[in-house]
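As given, the protein sequences belong to chains G and X, one line each in that order. Those letters in the first sequence? Residues 1 to 560, per the working numbering, in order. Those letters in the second sequence? Residues 561 to 761, per the working numbering, in order.
Read the hints as simulated data drawn from the structure, not as lab findings. It is possible that part of the hints are untrue.
[To be verified] Result set (DSSO-like, lysine-lysine): computed pairs, CA atoms no more than 30 Å apart in a straight line:
1) Lys584/X x Lys185/G
2) Lys200/G x Lys185/G
3) Lys612/X x Lys185/G
4) Lys3/G x Lys584/X
5) Lys521/G x Lys538/G
6) Lys350/G x Lys335/G
7) Lys538/G x Lys371/G
Please read all numbers here as calculations on a predicted model, not as lab measurements.
Here are the chains, one letter per residue:
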Amino acid sequence: MSKHLSGSEIVCEALLNEGVSVVFGIPGGAILPLYGVLSKYSDLRHILCRHEQGAAHAADGYARSTGTVGVAFATSGPGATNLVTGLATAMMDSVPMVAITGQVGRAAIGTDAFQEADITGATMPITKHNYLVMRADDLGATIHEAFHIARTGRPGPVLIDIPKDVFMEMGDYDPDAPIDLPGYKVPGKADEAQVELAAKLINESERPVILAGHGIVLSRSYDELRELAEKAQIPVVTTLLGISSFPEDHVLSTGFPGMHGMAYASLAIDQADLIINFGSRFDDRIVGDAQRFSTGSKKIHVDIDPAEINKSIHVEAPVVGNIKDVFAQLLPQVKKNTHFEWRQHVEHLKAEHPSLRIPESDHLMGQHVVKALSDVTKGDAIITTGVGQHQMWAAQHYQFKNANSWLSSGGAGTMGYEVPSAIGAQVGNPDKLVWSICGDGGFQMTMMELATAAENNLPVKYAILNNNHLGMITQWQTFFYDGDYQAETYTRNPDFVKLAEAYGIKGIRVRTQDELEAAIKEANTHDGPVVVDFVIEKVDDLYPMIPVGQSVQELIEDPN
Amino acid sequence: MPDSTSTGKNGTYQRTISALVHDKPGVLARIASLFRRRGFNIASLAVGRSEKSGMSRMTFVVEGPDEVVRHVAAQLDRLIDVVEVHDITEQNIVWRELALIKVAAPATSRGEVLELTNVYRANVIDIGVESLTLEISGGRQKIDSLIELLKKFGLLEVIRTGRVATLRGTLIEGEDDGLFQAEASASTYILPTPTSGSGSV
Numbered sequence: 001m002s003k004h005l006s007g008s009e010i011v012c013e014a015l016l017n018e019g020v021s022v023v024f025g026i027p028g029g030a031i032l033p034l035y036g037v038l039s040k041y042s043d044l045r046h047i048l049c050r051h052e053q054g055a056a057h058a059a060d061g062y063a064r065s066t067g068t069v070g071v072a073f074a075t076s077g078p079g080a081t082n083l084v085t086g087l088a089t090a091m092m093d094s095v096p097m098v099a100i101t102g103q104v105g106r107a108a109i110g111t112d113a114f115q116e117a118d119i120t121g122a123t124m125p126i127t128k129h130n131y132l133v134m135r136a137d138d139l140g141a142t143i144h145e146a147f148h149i150a151r152t153g154r155p156g157p158v159l160i161d162i163p164k165d166v167f168m169e170m171g172d173y174d175p176d177a178p179i180d181l182p183g184y185k186v187p188g189k190a191d192e193a194q195v196e197l198a199a200k201l202i203n204e205s206e207r208p209v210i211l212a213g214h215g216i217v218l219s220r221s222y223d224e225l226r227e228l229a230e231k232a233q234i235p236v237v238t239t240l241l242g243i244s245s246f247p248e249d250h251v252l253s254t255g256f257p258g259m260h261g262m263a264y265a266s267l268a269i270d271q272a273d274l275i276i277n278f279g280s281r282f283d284d285r286i287v288g289d290a291q292r293f294s295t296g297s298k299k300i301h302v303d304i305d306p307a308e309i310n311k312s313i314h315v316e317a318p319v320v321g322n323i324k325d326v327f328a329q330l331l332p333q334v335k336k337n338t339h340f341e342w343r344q345h346v347e348h349l350k351a352e353h354p355s356l357r358i359p360e361s362d363h364l365m366g367q368h369v370v371k372a373l374s375d376v377t378k379g380d381a382i383i384t385t386g387v388g389q390h391q392m393w394a395a396q397h398y399q400f401k402n403a404n405s406w407l408s409s410g411g412a413g414t415m416g417y418e419v420p421s422a423i424g425a426q427v428g429n430p431d432k433l434v435w436s437i438c439g440d441g442g443f444q445m446t447m448m449e450l451a452t453a454a455e456n457n458l459p460v461k462y463a464i465l466n467n468n469h470l471g472m473i474t475q476w477q478t479f480f481y482d483g484d485y486q487a488e489t490y491t492r493n494p495d496f497v498k499l500a501e502a503y504g505i506k507g508i509r510v511r512t513q514d515e516l517e518a519a520i521k522e523a524n525t526h527d528g529p530v531v532v533d534f535v536i537e538k539v540d541d542l543y544p545m546i547p548v549g550q551s552v553q554e555l556i557e558d559p560n
Numbered sequence: 561m562p563d564s565t566s567t568g569k570n571g572t573y574q575r576t577i578s579a580l581v582h583d584k585p586g587v588l589a590r591i592a593s594l595f596r597r598r599g600f601n602i603a604s605l606a607v608g609r610s611e612k613s614g615m616s617r618m619t620f621v622v623e624g625p626d627e628v629v630r631h632v633a634a635q636l637d638r639l640i641d642v643v644e645v646h647d648i649t650e651q652n653i654v655w656r657e658l659a660l661i662k663v664a665a666p667a668t669s670r671g672e673v674l675e676l677t678n679v680y681r682a683n684v685i686d687i688g689v690e691s692l693t694l695e696i697s698g699g700r701q702k703i704d705s706l707i708e709l710l711k712k713f714g715l716l717e718v719i720r721t722g723r724v725a726t727l728r729g730t731l732i733e734g735e736d737d738g739l740f741q742a743e744a745s746a747s748t749y750i751l752p753t754p755t756s757g758s759g760s761v
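Work the whole structure out from these sequences, hints included.
Structure follows, in structure tokens:
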């Protein structure tokens with residue numbers, strides 16, 4: 001039944017009807033009418049962030065960790081443009097989000113009014129879709145459409161831009177109006193012939209490898225993945241974003257491949273005769289030189305997005321569909337197998353190329369910190385990271401016990417993602433332990449959100465792997481710029497313990513390996529947010545490494 | 561190689577895409593943004609209302625390396641405002657382009673221009689004292705050919721549309737390889753491509 005409400009009320013009611021309970025945002029002039037009705041909707045919890053980028057990443061972390069749509073609010077102009085990095089991050093990693101931005105009044109649009117920015121124009125390439133809503137009557141239907149688009153098919157962020165006077169206009173809202181999106185297709189089951197061909201290739205293969213991508217996480221197909229791997233005894237390599245989709249202590253778990261992945265994972269892919277890709281887009285950090293990528297293998301690519309098929313790697317067997325549905329079709333057709341010789345060979349690769357040796361050093365290294373975090377938390381924490389060396393150490397050395405407990409900016413590679421995304425993850429998972437593994441560079445890009453954690457007493461634990469360096473930059477300048485170091489050192493980092501204390505947060509400093517366990521335990525048991533400043537070795541290169549655009553033949557293992 | 565997939569400069573290929581899209585503000589910008597971002601080059605574009613209310617039909621001819629332009633249709637289909645999209649390059653299609661050509665035609669050469677107009681089945685749509693304006697529709701090569709021949713009279717203005725294309729209502733018998741024999745239908749119109757300034761019909 002249709003209701004007659006203000007635009008602001010329609011937004012709130014439509015959000016509640018979509019099951020939204022938390023919103024991350026910051027008010028401003030153009031969106032104030034929406035904030036003006038929030039007090040009437042107490043079921044909508046608003047978390048006030050300190051920067052709109054933080055609000056976007058928090059919504060992203062909430063969305064990834066709960067599997068629901070994350071929501072962010074921002075005002076017009078700079079408020080909206082501050083969301084851009086967060087939207088791009090979510091777009092690259094297929095994260096379902098809805099961003100609602102205020103816009104200047106309808107009459108002022110296009111006049112370069114105060115705090116006006118063409119945010120629908122600006123975000124066109126970094127959203128799955130966006131809207132500028134010019135009538136309150138259209139608001140309800142648009143919001144429901146936006147959520148449908150954000151969460152179905154290949155998920156992604158959707159932005160809804162709403163002029164200030166549309167929030168204030170009265171309009172009709174019918175919560176039960178059907179969504180009318182001709183041409184928007186949500187793939188479900190795959191074509192049976194495609195599945196049959198895939199099953200045939202799997203049954204005929206002698207050296208198969210499963211490449212488990214983010215699609216396994218997004219479709220929540222952990223059990224099906226495990227069933228397939230065990231039924232035909234196929235080694236499982238996860239992508240960076242596929243990490244935690246397959247138990248890491250499982251005998252078939254074969255690490256993650258690519259630029260800084262385990263050598264044995266890259267070698268297994270290189271030597272396979274069949275790659276079964278579930279929901280990975282053959283990213284360039286995995287593929288390297290496409291001409292030399294696993295040339296001896298046939299490829300099956302299961303993906304919900306037909307545009308990913310043959311985009312970077314030619315595949316013999318494309319399967320377009322929802323991965324969960326495809327597993328249901330595929331599993332009965334796959335025959336039991338042992339792949340005994342191949343599995344022995346993969347075990348041999350693991351032994352020959354351990355890849356994850358932790359350097360013998362009296363100093364504190366990033367790897368020591370992650371290993372200790374993994375041991376003390378027993379792999380049970382939700383981990384967030386930004387991008388850089390800390391991210392790769394976390395990916396390499398944390399032994400994930402739970403599915404979907406790894407939140408990292410994979411595609412966009414966003415420094416600073418780690419701080420606010422942990423806030424979103426903690427809000428969505430109040431009873432879980434959330435550790436944000438940060439670099440000192442990325443941490444300083446979004447550290448203002450410590451105030452958000454403190455204000456809401458969100459017990460996020462921040463581990464800063466602090467080497468006063470942009471570590472990955474330093475490493476690249478060593479490898480590719482003849483050691484010509486430029487702009488890689490932070491000579492005046494703040495005292496992170498005092499900084500934490502300035503926010504009213506517990507701060508701990510750790511300088512030696514001996515202090516690790518006690519400090520992590522202290523952080524875990526503290527009822528509130530904690531910042532642990534791990535002062536690690538200045539320069540430590542990250543291995544293994546496959547240089548950009550190269551292949552496994554150029555893989556550099558730890559020379560030490 | 562059929563006309564519709566002809567190889568362009570530097571090993572680039574052309575593909576013809578037909579799309580049914582929502583007729584609302586911003587749709588063309590979304591499509592243009594996608595083309596720019598993915599590095600697809602639009603050789604021609606024609607947009608107009610379709611037979612369905614609230615929908616426009618767009619016909620694109622895109623240029624680029626083969627492996628890139630083959631993804632155009634798949635990428636377009638991801639846009640929410642694109643309702644239907646077909647890469648009809650290798651299908652059984654008919655297509656037309658249209659050109660308006662204003663050519664110098666004083667009394668001394670007018671007869672020759674009109675003769676060409678008849679041979680090419682073009683129409684005279686405006687007559688001035690010193691010029692004629694011709695309308696011609698057909699395949700690209702037919703139009704190219706007429707323009708080439710009119711050059712010696714003095715071209716005053718040439719205005720060309722993008723290509724519009726549609727699937728044929730019937731299949732040509734015996735074409736079991738799925739490849740559209742563009743030459744077969746286009747040959748009705750295609751004239752020998754002029755090699756120098758003037759060509760013979």
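Legend entry - Index of numbered hints that the structure contradicts, given in increasing order: The structure breaks none of the hints.
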